[in-house]
Amino acid sequence: MSEPVLIGEGMTGGYGGADILHSCTIAVDKGQIAVIVGPNGAGKSTAMKAVFGMLNLREGQVRLMGEDISALTPQARVRKGMGFVPQNANIFPSMTVEENLEMGAFIREDDFRGTMDQVFELFPILRDKRRQAAGELSGGQRQQVAVGRALMTKPSVLMLDEPTAGVSPIVMDELFDRIIEVARTGISILMVEQNARQALAIASKGYVLVQGQNRYIDTGQALLADPEVRKSFLGG
Amino acid sequence: MELLNAIVVLANFVLIPALAYGSQIALGALGITLIYGILRFAHFAHGDIMAFGTGIVILVTWWLQGQGIGLGPFPTALLALPVGIVATVLYLLAADRTVYRFYRKVKAKPMILVMASLGVMFVTNGITRLIMGPSEQRFADGERFIISVRDFRDWTGLAEGLAFRSAQALTIVVALIAMSLLFWFLNRTRAGKSMRAYSDNEDLALLSGINPERVVVITWAIAGTLMVLAGTLYGLDKSYRPFTYFQLLLPFFAAAIVGGLGNPMGAIIGGYVVAFAEMGITYAWRRVVGYLGPEGWEPAGLMQILPVDYKFAVTFGILVLVLIFRPTGIFKGRTL
Numbered sequence: 001m002s003e004p005v006l007i008g009e010g011m012t013g014g015y016g017g018a019d020i021l022h023s024c025t026i027a028v029d030k031g032q033i034a035v036i037v038g039p040n041g042a043g044k045s046t047a048m049k050a051v052f053g054m055l056n057l058r059e060g061q062v063r064l065m066g067e068d069i070s071a072l073t074p075q076a077r078v079r080k081g082m083g084f085v086p087q088n089a090n091i092f093p094s095m096t097v098e099e100n101l102e103m104g105a106f107i108r109e110d111d112f113r114g115t116m117d118q119v120f121e122l123f124p125i126l127r128d129k130r131r132q133a134a135g136e137l138s139g140g141q142r143q144q145v146a147v148g149r150a151l152m153t154k155p156s157v158l159m160l161d162e163p164t165a166g167v168s169p170i171v172m173d174e175l176f177d178r179i180i181e182v183a184r185t186g187i188s189i190l191m192v193e194q195n196a197r198q199a200l201a202i203a204s205k206g207y208v209l210v211q212g213q214n215r216y217i218d219t220g221q222a223l224l225a226d227p228e229v230r231k232s233f234l235g236g
Numbered sequence: 001m002e003l004l005n006a007i008v009v010l011a012n013f014v015l016i017p018a019l020a021y022g023s024q025i026a027l028g029a030l031g032i033t034l035i036y037g038i039l040r041f042a043h044f045a046h047g048d049i050m051a052f053g054t055g056i057v058i059l060v061t062w063w064l065q066g067q068g069i070g071l072g073p074f075p076t077a078l079l080a081l082p083v084g085i086v087a088t089v090l091y092l093l094a095a096d097r098t099v100y101r102f103y104r105k106v107k108a109k110p111m112i113l114v115m116a117s118l119g120v121m122f123v124t125n126g127i128t129r130l131i132m133g134p135s136e137q138r139f140a141d142g143e144r145f146i147i148s149v150r151d152f153r154d155w156t157g158l159a160e161g162l163a164f165r166s167a168q169a170l171t172i173v174v175a176l177i178a179m180s181l182l183f184w185f186l187n188r189t190r191a192g193k194s195m196r197a198y199s200d201n202e203d204l205a206l207l208s209g210i211n212p213e214r215v216v217v218i219t220w221a222i223a224g225t226l227m228v229l230a231g232t233l234y235g236l237d238k239s240y241r242p243f244t245y246f247q248l249l250l251p252f253f254a255a256a257i258v259g260g261l262g263n264p265m266g267a268i269i270g271g272y273v274v275a276f277a278e279m280g281i282t283y284a285w286r287r288v289v290g291y292l293g294p295e296g297w298e299p300a301g302l303m304q305i306l307p308v309d310y311k312f313a314v315t316f317g318i319l320v321l322v323l324i325f326r327p328t329g330i331f332k333g334r335t336l
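So the sequence lines, in the order shown, correspond to chains P and W. No gaps in the numbering here: position 83 of the first sequence is 83 in the working numbering, and each next residue is one more. No gaps in the numbering here: position 66 of the second sequence is 66 in the working numbering, and each next residue is one more.
For the record, the hints were derived by calculation from the structure and aren't laboratory data. One thing to keep in mind: the hints can contain errors.
[Said to hold, decoys possible] Computed list of lysine-lysine pairs in BS3-like fashion (alpha-carbon distance at most 27 angstroms, straight line): (1) P/Lys-129 - P/Lys-154; (2) P/Lys-30 - P/Lys-80; (3) W/Lys-332 - W/Lys-109; (4) W/Lys-105 - P/Lys-80; (5) W/Lys-332 - P/Lys-129; (6) W/Lys-311 - W/Lys-238.
[Stated by the list, open to error] Label pairs and their in silico Cβ distance ranges: (7) P/Gly-66 - W/Arg-188: 40 to 48 angstroms; (8) W/Arg-188 - P/Ser-2: 57 to 65 angstroms; (9) W/Val-320 - P/Arg-58: 50 to 58 angstroms.
[Stated by the list, open to error] Output of the computed footprint for chain W on chain P, the stretches with three or more beta carbons under 8 angstroms from beta carbons of chain W: (10) 67-78; (11) 90-102.
The beta-carbon is built from N, C-alpha and C at its ideal position, and this holds for glycine as well.
With the rest of the complex left out, here is chain P (with noise of 0.2 angstroms):
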């Protein structure tokens, strides 16, 4: 198997004290869209926290394009080209949607005109309130700035967590389809979802978690179909 875009291999650790993760791996490859789900406390978020560097791994070793990226501080993953959308606070409230993205492209030296014009093109709502407080707009829309922001670096991998809590079922069959085609432009997508059936329709990958130990990993499809996934994690 050739190395994926993006992977976390046999990670352990937590936030100090206990250990969350029990060697656990995720991984995801180029173009595609891989998925964490699990029940409430599986650590779904720590497990990509943890790929983002948001947490101290006692063993393991995440790997970015084959580099081993474990020491970096997640800034410095940032300009190793990964996007990373938090669930909560993810835009900067006061300031426009333009400016947001202008932040989001803030590492960058070069001319960043076309990749905005490209996130406009991908959220053609942001294009219309560019010139509007970010913190004015609705819970969906946020979420396109937040997304858009994390995109103007140009990331090889996009991580998202959670990007559909707190959205209305409409826009978030919205919010999957931008997904979708962010992904088709090249760029893999890691992402934990509270809503899994949904999530592991669109994922190529899904890693169900328990406990902060890899319980499934199989295609989204797959997922779905078994059984016992079903029962247990989806509700029937």
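Position chain W against the provided structure of chain P, taking the given hints into account.
Okay, now just chain W, sitting in the frame of chain P:
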């Protein structure tokens, strides 16, 4: 005629002085609000560092005056401003290095930083008194009036006179320029936007690659510049005394909180609200009412709500009212 006289009296004793005083408060409150927005603590050393910076400006002004260097009709202090600003910014950065940076690193609670700034306040207070002494110092020179009372009366033939002092005009003009430049910086430049981003969402700013230490340095530099401007203009308009400058802390904080902490536009509006309230409530309205009311109705009393000595009570009252009824200020800022 009566109405014109009333307007002239009001402008002479309330409107113009309050506009100048409000500009000085606004400049100080802008510093308070920026430091609160970025460094997330109430900077209690503001007034005393303002006294320190203005002290440097005064020393340089005296030296320049001794050398016979001046600006003609303009006060020599304008030439000394850059020196005072550089010295103050360096002083603030030194304080940041030796005091505040440690508490930032250990992620101390804001209250601890406030107490640290109180310490810086006492030290600065001592240094200023060692250099400048505790008493009043004069350093204003140049043309004193743009319009004097006598000239105004001669021109207009009105019974009431109006004086427009050059220090007041200078205050208003310099404050306007400084505020415009600040807003241009915050809204148009990369560094300014990174400051706003950091104030909005610290973690996301870090993720976006914004260097917090750089943001902190820029913040001190701007705050220091505003302090020296406010202090020098106040000194030219009124007089310089370290203790008076310390007392300005109250109107500064009141203005910043009235406007909404962390909001620069709020600080400016708040500055004028505080100034006009102080002036309006402590002004004796007798003559204005005398001109406006019918003949022979001139009130016997002064029509003064509070004596001038109580002007800080007015500010304090506004502060308390705002904290009770609208703790986030006019423009939604952060609560303390």
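Against the structure, the hints come out as follows:
1. Between P/Lys-129 and P/Lys-154, the direct Cα distance comes to roughly 22 angstroms. Compliance with the 27 angstroms bound is thereby established for this hinted pair.
2. Proposed proximity of P/Lys-30 and P/Lys-80 is supported: the alpha carbons are some 15 angstroms apart, at most 27 angstroms.
3. Note on W/Lys-332 and W/Lys-109: the hinted pairing holds, with a Cα-Cα distance of about 23 angstroms set against a maximum of 27 angstroms.
4. Between W/Lys-105 and P/Lys-80 the CA atoms are separated by roughly 26 angstroms; this keeps the pair inside 27 angstroms, and the hint holds.
5. Among the hinted pairs, W/Lys-332 with P/Lys-129 is consistent with the structure: their alpha-carbon atoms are about 21 angstroms apart, no more than 27 angstroms.
6. Our distance criterion of 27 angstroms between C-alpha atoms is met by W/Lys-311 and W/Lys-238, whose separation comes to about 15 angstroms.
7. Here the CB-CB span from P/Gly-66 to W/Arg-188 is close to 42 angstroms, well matched to the stated 40 to 48 angstroms.
8. Taking the beta carbon of each, W/Arg-188 and P/Ser-2 are about 47 angstroms apart, not inside 57 to 65 angstroms as hinted.
9. Look at W/Val-320 against P/Arg-58: about 53 angstroms separates their beta carbons, and that is inside 50 to 58 angstroms.
10. Under the rule that three or more residues need a Cβ within less than 8 angstroms of chain W, the assignment of the segment 67-78 of chain P holds, with 3 such residues.
11. Three residues within the 8 angstroms Cβ limit are the bar, and the segment 90-102 of chain P against chain W gives 8, so the coverage statement holds.
Violation of the numbered hints given earlier is confined to hint 8; every other hint is satisfied by the structure.
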